[in-house]
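There are 2 protein chains.
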Amino acid sequence: MAIILDGKKVSLDIQDELKEEVIRRKEKGKKIPHLAAILVGDDGASITYVNAKVKACERIGFKSTLVKLPEITTEKELVAEIQKLNEDIKIDGFIVQLPLPKHINEQKIIQSINPKKDVDGFHPQNVGRMALGLKTFLPATPNGILEIIKRYKIDTVGKHCVVIGRSHIVGSPMSILMGQNYYPGNATVTLTHSRTKNLKELCLQADIIIIALGKPEFLTADMVKDDVVIIDVGITRIPDESKKNGYRLVGDVKFDEVEKKASYITPVPGGVGPMTISSLLMNTMNATKLNK
Amino acid sequence: MAIILDGKKVSLDIQDELKEEVIRRKEKGKKIPHLAAILVGDDGASITYVNAKVKACERIGFKSTLVKLPEITTEKELVAEIQKLNEDIKIDGFIVQLPLPKHINEQKIIQSINPKKDVDGFHPQNVGRMALGLKTFLPATPNGILEIIKRYKIDTVGKHCVVIGRSHIVGSPMSILMGQNYYPGNATVTLTHSRTKNLKELCLQADIIIIALGKPEFLTADMVKDDVVIIDVGITRIPDESKKNGYRLVGDVKFDEVEKKASYITPVPGGVGPMTISSLLMNTMNATKLNK
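From first to last, the protein sequence lines are chains Y and R.
Position one of the first sequence corresponds to residue 0 (numbering that gives the first Met the number 0), numbered consecutively onward.
Position one of the second sequence corresponds to residue 0 (numbering that gives the first Met the number 0), numbered consecutively onward.
Bear in mind the hints are in silico, worked out from the structure with no lab data behind them.
This one's a predicted model, so the numbers in the text were calculated from it and none came from an experiment.
From the three backbone atoms N, C-alpha and C, an ideal C-beta is built for every residue, glycine too.
There is no bait here: all hints are sound.
Under the rule of at most 27 Å between Cα atoms (straight-line distance), these lysine-lysine pairs were calculated in the DSS-like manner:
| no. | chain 1 | residue 1 | chain 2 | residue 2 |
| --- | --- | --- | --- | --- |
| 1 | Y | Lys27 | Y | Lys54 |
| 2 | R | Lys134 | Y | Lys75 |
| 3 | Y | Lys260 | R | Lys196 |
| 4 | Y | Lys134 | R | Lys75 |
| 5 | Y | Lys288 | R | Lys107 |
| 6 | R | Lys107 | Y | Lys107 |
| 7 | R | Lys224 | Y | Lys199 |
Calculated Cβ distances over 12 Å to all of chain R for the following chain Y residues:
| no. | residue |
| --- | --- |
| 8 | Ile3 |
| 9 | Leu65 |
| 10 | Tyr151 |
| 11 | Gly213 |
| 12 | Thr219 |
| 13 | Asp239 |
Let's have the full structure, built from the sequences with the hints guiding it.
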């Protein structure tokens with residue numbers, strides 16, 4: 000039976016620590032972290048995510064500003080709003096909630112953010128700093144995964160880590176981070192994806208599997224070896240009439256059977272998911288210290 | 000018997016193509032590429048490298064400018080020189096020859112270069128653009144390796160590529176590039192390094208091995224499977240009294256025995272090495288088009 004990597008608890012622990020740090024900063028007269036978020040349009044999921052971020056700020060004593068812009072906002076207008084936040088010394092870090100309406104070029108928007116305030120870690124300069132092992136803002140999910148690994152003191156040195164999925168926000172950065180020459184890292188890393196031919200064979204060699212595919216229950220017990228560490232980033236809504244809201248959340252791992260072989264495993268929900276907000280808050284605290 | 004990947008020939012082919020492109024640009028009244036190089040101090044190897052770059056420019060009709068600064072140049076003075084080149088519209092791209100004297104912070108210098116003129120591809124913003132699959136200047140060695148793979152039409156899709164060594168200028172970027180979702184890439188990539196425990200076992204699974212360790216004749220025939228593709232980035236001087244200059248150049252691969260099993264292999268010298276100058280010249284041509 001695996002140890003369950005309780006992302007919800009770790010996330011709350013981090014938020015408690017940040018809350019205490021805010022209190023100490025207040026006592027010393029230091030600047031209180033201030034996160035801003037830009038939301039364009041009325042996408043339901045985006046509103047939910049942004050509101051959760053704002054609420055988390057309130058809970059731990061950060062200041063927050065929500066800039067709501069209409070769906071019809073032009074790229075130029077959005078860049079102008081970003082420029083204001085780039086220059087506003089009260090704002091330590093900010094995010095532009097993605098996805099953006101289709102008429103706006105996301106990459107152009109990301110690149111207009113001051114890298115020193117880019118607490119989502121999406122600006123190419125911050126991605127590059129990550130790849131070079133320089134201090135930077137790591138994207139929320141990779142940052143959250145590293146934090147779970149650290150707090151559970153999972154050994155990664157010389158371990159074979161197989162990453163499944165090469166997205167720019169999870170798989171690709173995780174493959175880079177796990178191979179770097181400091182903890183958590185120093186793993187031998189294999190990055191696999193849709194063109195990989197012998198995935199099962201590779202997974203069977205893995206000491207650590209990080210899966211971010213979005214394919215419910217893709218990873219089954221016959222694909223993993225005993226004592227594997229499983230980090231499940233997938234989260235998919237599956238219709239389920241037995242549930243009040245009509246669905247349940249399922250990860251990329253067939254949890255019930257894989258859990259029996261694993262040494263550590265993240266549940267879905269309650270594993271990697273809850274870590275993302277804490278990652279953002281950690282980055283905001285670091286931005287406050289950086290820009291002081 | 001393997002097909003020898005003749006980097007010297009590929010490099011000269013590329014230079015011929017660039018030479019013709021310069022002639023066509025001249026005819027059309029377009030800007031002629033102009034590369035500048037800054038050399039600080041009198042390190043013998045650095046002087047040789049920089050001179051080779053300047054000579055290659057002359058040969059293909061690029062303009063070049065060599066800025067020689069004394070060993071005692073301060074960081075501030077060097078940044079001022081870089082600033083001049085950043086702003087000089089005649090200069091399309093430039094490099095600062097590394098290594099720099101110890102009193103100068105290399106990372107600070109690299110970050111002061113305008114990313115649009117950073118034809119070495121070392122600026123974090125360009126490293127990030129590479130990791131994100133965006134158009135950028137690739138560092139010379141990775142760029143050269145991709146060019147060899149392309150010109151010999153080596154199949155990489157779904158192949159297992161094992162990269163040995165995780166330096167920021169070769170191993171790490173190669174591992175990222177070989178896994179991206181376009182050719183040459185789409186390989187399943189394993190990045191190995193000093194902490195890897197089962198290197199031989201991994202190498203025996205590899206369809207492609209890219210080795211950049213600097214350990215002469217490290218990779219032996221018993222470590223590779225039949226028909227493997229070998230890219231040998233290592234180059235070490237070994238004392239050899241039978242040679243006029245008293246040494247010979249040796250790669251990271253035990254060539255004589257591995258060549259018998261491989262399908263393709265780069266020799267040392269004459270493989271990856273000669274590609275670096277052509278990569279720089281290609282980047283300079285692209286910078287000229289970008290900054291027009």
